[in-house]
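Enquirer: Model the full structure from these sequences, guided by the hints.
2 protein chains.
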Amino acid sequence: MPYLPMIYVAWADGALSLEEITEIRSRLAASGGIPADSWVILESWLHPEHPPTSVELAELRDRIRELASELPDAERRSLASLGAAMARRRSAEGSRWESASSLRTLEAVEELLGVLGGEATRALLAPEASPAPPSPPEIPEPSFPVETLRTYLAGPHAEIRARVLALITRHEFVVPVGASTRERREHVLERLQDLADAGLGRVAQPETFGGEGNVPGSIALFETLALGDLSLLVKYGVQFGLFGGSVQQLGTEVHHERWLSSIGSLDLPGCYAMTEMDHGSNVRELQTRVRYLPDEDQFEVHTPHRRARKDWIGNAALHGRMATVFGQLEVDGEEHGVHAFMVPIRDDEGALLPGITIEDCGEKIGLHGVDNGRLSFDRVRIPRDHLLDRFGTVTEEGRYESPINSPGRRFFTMLGTLVTGRISIGAAAISASKTALSIALRYSSQRRQFGPSGEDEVPILDYLTQQRLLLPRLAECYALHFTTQALIDDYGASTDDEALRSRVEVEAAALKALASRHAVDTIQSSREACGGRGYLAENRFGELRDDTDVFTTFEGANVVLLQLVARGLLSRYREEMGDLSLRGMVRVLADRAGTEVHRRNPVRSRRSAEDHLRDPETHLDAMQFREQRLLQSVARRLKSRIDDGMDSFHAMNECQDHLVSLARAHAERRVLEEFRRAVEAAPDPEVTGVLTRLMELWALSRLEEDRAWFLETGYMEGSQSRAIRSLVNQLCGELKDDAVALTEGFGIPPELLRAPAARLPDDRD
Amino acid sequence: MPYLPMIYVAWADGALSLEEITEIRSRLAASGGIPADSWVILESWLHPEHPPTSVELAELRDRIRELASELPDAERRSLASLGAAMARRRSAEGSRWESASSLRTLEAVEELLGVLGGEATRALLAPEASPAPPSPPEIPEPSFPVETLRTYLAGPHAEIRARVLALITRHEFVVPVGASTRERREHVLERLQDLADAGLGRVAQPETFGGEGNVPGSIALFETLALGDLSLLVKYGVQFGLFGGSVQQLGTEVHHERWLSSIGSLDLPGCYAMTEMDHGSNVRELQTRVRYLPDEDQFEVHTPHRRARKDWIGNAALHGRMATVFGQLEVDGEEHGVHAFMVPIRDDEGALLPGITIEDCGEKIGLHGVDNGRLSFDRVRIPRDHLLDRFGTVTEEGRYESPINSPGRRFFTMLGTLVTGRISIGAAAISASKTALSIALRYSSQRRQFGPSGEDEVPILDYLTQQRLLLPRLAECYALHFTTQALIDDYGASTDDEALRSRVEVEAAALKALASRHAVDTIQSSREACGGRGYLAENRFGELRDDTDVFTTFEGANVVLLQLVARGLLSRYREEMGDLSLRGMVRVLADRAGTEVHRRNPVRSRRSAEDHLRDPETHLDAMQFREQRLLQSVARRLKSRIDDGMDSFHAMNECQDHLVSLARAHAERRVLEEFRRAVEAAPDPEVTGVLTRLMELWALSRLEEDRAWFLETGYMEGSQSRAIRSLVNQLCGELKDDAVALTEGFGIPPELLRAPAARLPDDRD
Ligand SMILES: Cc1cc2nc3c(=O)[nH]c(=O)nc-3n(C[C@H](O)[C@H](O)[C@H](O)COP(=O)(O)OP(=O)(O)OC[C@H]3O[C@@H](n4cnc5c(N)ncnc54)[C@H](O)[C@@H]3O)c2cc1C
Ligand SMILES: Cc1cc2nc3c(=O)[nH]c(=O)nc-3n(C[C@H](O)[C@H](O)[C@H](O)COP(=O)(O)OP(=O)(O)OC[C@H]3O[C@@H](n4cnc5c(N)ncnc54)[C@H](O)[C@@H]3O)c2cc1C
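Line order of the protein sequences matches chains A and B.
Oh and the first sequence: position 199 is 204 in my numbering, straight run, nothing missing.
Oh and the second sequence: position 103 is 108 in my numbering, straight run, nothing missing.
Treat the hints with caution; some may be incorrect.
Any copy, or any two copies together, can satisfy a pair, since identical chains are not distinguished.
[What the hints assert, rightly or not] With a Cα cut of at most 25 Å, we get these calculated SDA-like pairs of lysine to any residue:
id, residue 1, residue 2
1, K644, T110
2, K644, I26
3, K644, P77
4, K644, R730
5, K644, E177
6, K644, R634
7, K644, L469
These are computed hints drawn from the structure, not numbers from a lab.
Expert: Here is the structure:
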């Protein structure tokens, strides 16, 4: 009798082979202490040739359950105690099972059977699948005031963010379901007009021309817009950021006067036509020719061959009337490099102008609401003052003049104006991640699957792998958020500070590369974290992925940007290196000749105590060490190649992966610094607390990710790297109960979040 | 005069600040050896307050070019020799520049200026952007016979692959552009009928019922089908694989007789209804109730609550007439666990049958041609012989009987029949990768961007980062291809070999997880590798990604499968562990008590000579060590938790990342073994050669990826891990010229490849 529970479990979980049953029988026999009558029963149940049938087992289970239902909880904890209690209650042999020693006998048998008594008991006594699903898990109380965090994240541009949200949460901003590409494009154009009508196209423009003179605010605006339809975002970026920005930044007063206002109101829809079929990343080699014709005092814009057509130009396929066209300027037989020109492409009725040919680029993976086109020019004439001539002009006398004599420096100064776009795209990528993480974390807090035997299934966010999939990415999202806000501020402050501006250019390239990579990766992980539910279109991972994927490519392909960052670091002055020369690098090397990166005290750096590993100084120390060391070693490698007579292109190429690692290392060090500054400035001790944990998680998971490098260089030892791994696990556990609240900090209104998978019990239907 | 080229370069690249110019001037003055008259000219050009204007610089450049055009190549190599030669030819001072010492003077100045003479010279003398684009790069001759490789890859199932290709390359198999979801679904149904009409629905069915009795062939068929429309693939999988397979594998003769033929011909379209709203991964807890009603001798199938509806069921929303429904069987008040039942859901006209409710799951991210539905049953009656009763039956007397008495073992035996689906999905994922890599590598061999100054731009496949992005993935694609073929063979041989079958189950789970991860990752990388061009829908990365993404989720979520693999390894006998008990593991531990994994001779394992690092024994040694060590350490960690009284669920959860690493380590070790076997069996020395390089690249890039672990455990040292990194770079270089030919080995016909980005010069328009 008292053995029944064990016997049932032994057979029912299917884990025993017949050989093992035989083995157990003989061990039981050998162990002694089992009364003869029990032995008979036991033997009959453990007969290898006559195992109990499935029906017998099912009946046995029900009998045990019935008996057990009358027992107090304390006696239901292990198979042995359950068995003993049942025996005591029900059978004639009861009294025999009252002593502690008889319980030990039973426990010994349990041990022999090799079952894990506690949980097997729970499983055995668990009720049949209930007719109703368990109630949804509760969201734990957050450890911090959510509203305070939300306000802190919104930062100094809260007002403009609120203006954007008020608009884009309106019902007409919902993307029409099942709309064709043509309808999507019209819808986006209408919404773009709404934004312009609300004055949102002029935020960056100078106050003299009716704008708000608020460039940083315009980036916060863009960041917020990215919580809605990303096609609208990109169309907005083309019209007001790239097209409007080119007039503002590359043009001079006459151009501002003439065009800024109608661009801001969308009366003049336009394009930014830089890329060509054959030249995307390598802008310096654009093939479009712009010749100054002195007799007519005009420029002639010309596409010399089919592969020099302007490609991918947003707003070109349908709506653009004017385009900022980048081409090689030729004056009086002299080439002066790439310049930007205002070229009318359609008349006020939208008809193509003479000499202009436009094709639609065709269906894209995403951004269906953006009309990208391919543009070509057949000796199109434009007036002389359509040259955006801040950095180079053609005088009335037909002479070329530029405030920057060096064509190389001129080119990079012009390209420097791209920086707004890069910061904006980085910021927008982070917004898309925020959306994805909000959906995935909310779903993970609610979705149950599997659980301890005999208990409710657990929310999938209780799984370590699920935490590892999502929480470090949540931390990264915060890290990049703060870095972006700092960069926006720096950018705002850089107008009259050339050194700061160069630094901002490097950091913008780095941020854009990191943030777009983070977005692609986070959206995919979030999709998978939601299992099948994540594959439903309504849960939005598909559209997020399809629309943001290209953020890794436009505004500079990431791998190209990271090399730009590395070059910037090598020369310490980006403008000096932009031209691919290695001069600056060689100079850096000369400066440092003989000096080695200060090697940290190994005792200090190798400590693996938790408080040491959680110390932000430790993280910064490691990241600084890595950056310096990578900088030195890549410089050394480049130099040795050049000394051997290799040209810089091939030398760079042989060290490309190294350069990219350097750029990432730099970017992460910067992110950590900004994260730390943001934590220190947090307005509330509980907010500081949760942000500190997030920062630790971020920093440690980055170090964990790159621990091979630290081990290779001897900066870390195995024990330390293992300690980091378990600390990352621990931090995931510390943060999981705050995860949903942390996504609430992003302040994404439900109208924008939309995904049914993101519903919490309160708003469940 | 002879300084002009240097002066031009110094100014023109914009790299000099005014301070630096001043510095250079004074150094030049200090260096002496410059003739006074030259010094005057030099000074005038290097005047910090009066830099040359842009026009002066442009004129200077043209003058240099004109002069240089008359020089022989030898004299155009450095700025110094160019300057000297120009001086000799043209000016009165010519003779002064003939001596070697004067050349050295010039070189010293060049050095001072800090410019890199050779490439600056080329840049200076490069022709203006030419009016026509450079000709497309040539594809190098492959190092091996492509046709031989193709035949080898097609393997023993070449004939069935050819049958599939002959069909799906027909024009009606092209997915209609811009079709609505409804049209896509109809199109897929029609094509499915074409496949059935060609006999492709019966390949796996027994010959007795008109099939070909060729299960391995049916997987090769599926693999080939995956080169075409993936919606068709999945619909095919649902009808013939899951629905047909369930009848074949879970049913008995009466069911085979009654249904197999009409399933194979698609006269009976059906569903596989396992998943429910609340239960995806955790199949054992399904809530659908199936009660035997003795009075009627029927079953009653019932959905107890809304969240128990069958969810995601392919073929349910529109076309299915019958469904294999998984539910909890109850006979005479006894629960017997999950069983499968044939439940008619629509009549011959397609109208829903009484008691059946079906909703469309709605728009998905991809697989738009598959009609997934949500099914529920309101006390639906089915005859007793609709229970697929191979592993459990209800007798005429209304008694439950099963050849497997243990419900746990019974459940896992039933689920074991999922193995065909898993291998098939793994194989299909690899096919999708092959498509993506073919497009990206062909494009990368043709697309030029940037280049050494003054030379043609290089194909982007010349970039190390591009090679690193694509070539290890190409190697992985080959690795997984061979592993799949071996697994198909093993599966074919496992019918009567239970031990082999359990092994195949573990390997199938591992392969599916690895292959679907590889596909997602490779498709994304391929997209990015093609820059903007990759974002055009016509280049197919969007559809590939959207359709294959879910391969990480269905047929078992990857993270769940990897845990299953780890459990299988822990117990060494999967069936014994399937029930989550830790018994098997504890036993393994006991077996090995005290024995340590044999620690390799450090001298041997730490050698970093190239031949040692390229030796497959080295790779295998490392991978075996890792797997054994991870197995032991995770077992130890689990045991200590259990000894401390933690239940197995929580113990497993705390070690989840460790378990997943173990599973991956195991899978990679197996892949390496199969790759090696395939290389050894290759039919031609040149094919062996290229496959060997691929295998080395694969193995080393896997070791590189996980080098942190090897460093942590002391198996590798930093120097060795660095040597591996540079060897991976070197192998990328060795393989890049074969890359396009290696994709040709996949044998994807152009009708299926389609993407314009994949066109080579021969087939360019
Ligand atoms: C949706 C969309 C909208 C766009 N809108 C506009 C617009 O409005 N106006 C406009 O002017 N342009 C626009 N673009 C163009 C965009 O700026 C370019 O796509 C981008 O600059 C990349 O150029 P590419 O596509 O030619 O890629 P390429 O330069 O050909 O690069 C392709 C790939 O080659 C590799 N590669 C290239 N160079 C290097 C290197 N040096 N080192 C290592 N690897 C390298 C990388 O993998 C890279 O991804 C848009 C593009 C898209 C897709
Ligand atoms: C397009 C499509 C077609 C399908 N077709 C069919 C069909 O024809 N028939 C059918 O029966 N089913 C079908 N399915 C269902 C499919 O089999 C399930 O989606 C799959 O089993 C996963 O279940 P789930 O979606 O409920 O995810 P869940 O089980 O809820 O898991 C969600 C996530 O939780 C986490 N998680 C869950 N368990 C664990 C764990 N133990 N440890 C760590 N993390 C965990 C993982 O991140 C996982 O991705 C289909 C699904 C899709 C999307």
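Enquirer: Hints first: check each against the structure and report whether it holds.
Expert: Okay, the hints, checked on the actual structure:
1. Taking the shortest Cα distances, K644 and T110 sit within 25 Å of each other only across copies (23 Å), while inside one copy they are farther apart (77 Å).
2. When the C-alpha separation of K644 and I26 is checked against a cutoff of 25 Å, the pair qualifies only between copies, where the shortest distance is 23 Å, while the shortest distance within a copy is 72 Å.
3. When the C-alpha separation of K644 and P77 is checked against a cutoff of 25 Å, the pair qualifies neither within a copy, at 79 Å, nor between copies, at 30 Å.
4. For a Cα distance limit of 25 Å, the shortest separation of K644 from R730 across copies, 20 Å, qualifies, whereas the shortest one inside one copy, 37 Å, does not.
5. When the C-alpha separation of K644 and E177 is checked against a cutoff of 25 Å, the pair qualifies neither within a copy, at 59 Å, nor between copies, at 59 Å.
6. With identical chains, the CA atoms of K644 and R634 are at most 25 Å apart within one copy only, with a shortest distance of 15 Å there and 42 Å across copies.
7. Taking the shortest Cα distances, K644 and L469 sit within 25 Å of each other only across copies (18 Å), while inside one copy they are farther apart (46 Å).
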